[in-house]
Amino acid sequence: MSEITPELVRHLAGLARILVSDEEVEQFTKQLSVIADSVAHVSKAIDADTPSTSHPIAMANVFREDVVEPSLSQAEALSGAPDSADGRFKVNAILDEE
Amino acid sequence: MTDLIRKTASELAALISSGEVSSVEVTRAHLERSDAVDAAVHSYLYQSPEASLIAAAEADRARAAGEVSSPLAGVPIAVKDNLATIDAPTTSGSKILQGWQPPYDATVVKKLRAAGMPILGKTNLDEFAMGSSTEFSAFGPSKNPWDLTRIPGGSGGGSSSVVASFQAPLAIGSDTGGSIRFPGAVTGTVGTKPTYGAVSRYGLVALASSLDQIGPVARNVLDAAMLQDVIAGHDPHDSTSLPESLGSMTAAAKKLDVKGMRFGVIKQLAGDGFQPGVAARFRESLNLLAAAGAEIVEVDCPSFEYAIAAYYLILPAEASSNLAKFDSVRFGMRVEPGEKATIERVMAATREVGFGPEVKRRIILGTYALSSGSYDKFYGAALKVRTLIQRDFDAAFAKADILVSPTAPTTAFKFGDKIDDPLAMYLNDIATIPANLAGIPGISVPNGLAEEDGLPVGIQLLAPAREDARLYQAGAWLEKAHEEIWGKRMIDFAPELEVN
Numbered sequence: 001m002s003e004i005t006p007e008l009v010r011h012l013a014g015l016a017r018i019l020v021s022d023e024e025v026e027q028f029t030k031q032l033s034v035i036a037d038s039v040a041h042v043s044k045a046i047d048a049d050t051p052s053t054s055h056p057i058a059m060a061n062v063f064r065e066d067v068v069e070p071s072l073s074q075a076e077a078l079s080g081a082p083d084s085a086d087g088r089f090k091v092n093a094i095l096d097e098e
Numbered sequence: 001m002t003d004l005i006r007k008t009a010s011e012l013a014a015l016i017s018s019g020e021v022s023s024v025e026v027t028r029a030h031l032e033r034s035d036a037v038d039a040a041v042h043s044y045l046y047q048s049p050e051a052s053l054i055a056a057a058e059a060d061r062a063r064a065a066g067e068v069s070s071p072l073a074g075v076p077i078a079v080k081d082n083l084a085t086i087d088a089p090t091t092s093g094s095k096i097l098q099g100w101q102p103p104y105d106a107t108v109v110k111k112l113r114a115a116g117m118p119i120l121g122k123t124n125l126d127e128f129a130m131g132s133s134t135e136f137s138a139f140g141p142s143k144n145p146w147d148l149t150r151i152p153g154g155s156g157g158g159s160s161s162v163v164a165s166f167q168a169p170l171a172i173g174s175d176t177g178g179s180i181r182f183p184g185a186v187t188g189t190v191g192t193k194p195t196y197g198a199v200s201r202y203g204l205v206a207l208a209s210s211l212d213q214i215g216p217v218a219r220n221v222l223d224a225a226m227l228q229d230v231i232a233g234h235d236p237h238d239s240t241s242l243p244e245s246l247g248s249m250t251a252a253a254k255k256l257d258v259k260g261m262r263f264g265v266i267k268q269l270a271g272d273g274f275q276p277g278v279a280a281r282f283r284e285s286l287n288l289l290a291a292a293g294a295e296i297v298e299v300d301c302p303s304f305e306y307a308i309a310a311y312y313l314i315l316p317a318e319a320s321s322n323l324a325k326f327d328s329v330r331f332g333m334r335v336e337p338g339e340k341a342t343i344e345r346v347m348a349a350t351r352e353v354g355f356g357p358e359v360k361r362r363i364i365l366g367t368y369a370l371s372s373g374s375y376d377k378f379y380g381a382a383l384k385v386r387t388l389i390q391r392d393f394d395a396a397f398a399k400a401d402i403l404v405s406p407t408a409p410t411t412a413f414k415f416g417d418k419i420d421d422p423l424a425m426y427l428n429d430i431a432t433i434p435a436n437l438a439g440i441p442g443i444s445v446p447n448g449l450a451e452e453d454g455l456p457v458g459i460q461l462l463a464p465a466r467e468d469a470r471l472y473q474a475g476a477w478l479e480k481a482h483e484e485i486w487g488k489r490m491i492d493f494a495p496e497l498e499v500n
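Protein sequence lines, in the order shown, are assigned to chains B and P.
When we follow full-length UniProt numbering, the leftmost residue of the first sequence carries the number 1, and every step to the right adds one.
When we follow full-length UniProt numbering, the leftmost residue of the second sequence carries the number 1, and every step to the right adds one.
Because the hints were derived from the structure by calculation, they are not lab data.
Ideal Cβ positions, reconstructed from N, Cα and C, are used throughout, including at glycine.
Be a bit skeptical, because a hint or two may be false.
Below are the PhoX-like pairs computed for lysine-lysine, each with C-alpha atoms no more than 20 Å apart in a straight line [to be verified]:
| no. | chain 1 | residue 1 | chain 2 | residue 2 |
| --- | --- | --- | --- | --- |
| 1 | P | K95 | P | K325 |
| 2 | P | K7 | P | K488 |
| 3 | P | K7 | P | K480 |
| 4 | B | K44 | P | K377 |
| 5 | P | K325 | B | K90 |
| 6 | B | K90 | P | K340 |
| 7 | P | K418 | B | K30 |
| 8 | P | K259 | P | K480 |
Okay, the calculated bits of chain P under chain B, using three or more residues with CB under 8 Å as the criterion [claimed, not checked]:
| no. | region |
| --- | --- |
| 9 | 98-107 |
| 10 | 110-118 |
| 11 | 235-247 |
| 12 | 262-273 |
| 13 | 351-361 |
| 14 | 377-387 |
Using the sequences and the accompanying hints, generate a full structural model.
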């Protein structure tokens, strides 16, 4: 049985920075329980010696020559920002005032 | 104009190159088709006829001046809306990016422009490419031109429906677990997921970076091959881009020979439990191949049993990390939750409003799979299953040059059938997911119509990494064999759409 509880869904949504309504918590708890149960058997397929694959095609790291190339201007980089000021991204307060 | 829109991309390229028709005429014919049918089909999220025609006029000027940009010069194309375009909004099917206009072009888009291919518009998709039906697009679903009450596949249902409804001869898709191949199968069109790294992902809104691959969507195999030749190649902007060329897909598609090729039928995907018409057409194609001198062998891939589970852990894990960039700071939507609007509250409020249900579900699932206490038994285990799947493929390709299966278990289902049951939706991808986990190339080719519903089914061909050419060689042969049996192209069986 799944360990997905409404409290866990609320906690995970908080970690992922998504506000969720009570309705969504109820729905996601049900749906994620079914999904989690259905994927739980992955751990049965493997043993401790099975190596992990995080990338499908083996590749060596590559470096490019250290030469300056054209890049976005400051204005272009800010062009999609919801708010900006003095050539910077403008955001709300980081800390709560209380 | 009707005859222009029904032509293949290679035919159009030849007509344009010889000067018989202009790119402007071809582009205008497709734009007029969209005016007539897209209100019903809803393939496009955005079109700018003016910009398309300017690009077409430039292609005509270049041709007249003797400049040859590519074998597809002047042929217009539609682009999935998760590719960055400097001159058009790029939403990825999400409200959170509504109205965002990127300050740069994706590498693939740059290549299309350099190839002289006018862009007709941006096509619909499930939000951030999460889905199999386009029902999760924030801007409403696209319809299957064969039956407007049915899904066109997903996530790239905009790109499949746009070529199936003759609004574009070609389109670009992206395939993370089948998002090019499944839509191809259910709309009677061709879709390829190239080898991972064959096509640059720079400028693709990332879903799961180790699985995503951009590829061609077309109405026949040769057109798809020609398009892959245009968009493939190393890109210094994508660190996972393959350094080597994979050769000419166009040349492979023209060989039309399968004699002596070994086709491996994957025991786990041989059609058991699939819709009867899908399984029947699959067996017929095996007989066709055998009659033409190909060798049919059975291969066993026992780990495929775990492929969907591994995929639905790896994908959400990577997506939860990739989608963290939608933080209401650098681009996209910002929602202020009223008083005490700290950046964290703004972020959470923005993501609540900006993301749809499937995206939230997968981000939360991915966060769970990666969280301490769950990591080893979920994400960690899934990465190990990925190794087992690669080993299964390695063993199978020792016995066969190409592996074959139906592309999907069923024909196009009806809208609403699976929307409330995420697991049922995920099971559509049972045949397509293993290729993404292993990074190998796959193609879906039209494989006749299912007897019980008259809807198109697809056959999937898989090849070892970097052997994309085999898919085009065998795919083009199968396509020709089917056209000889059925008397015309599969797409020509699609009912006429009512025009406005």
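Unmet hints by their number, sorted upward, for this structure: Going through the list in order, the structure violates hints 10, 12 and respects the others.
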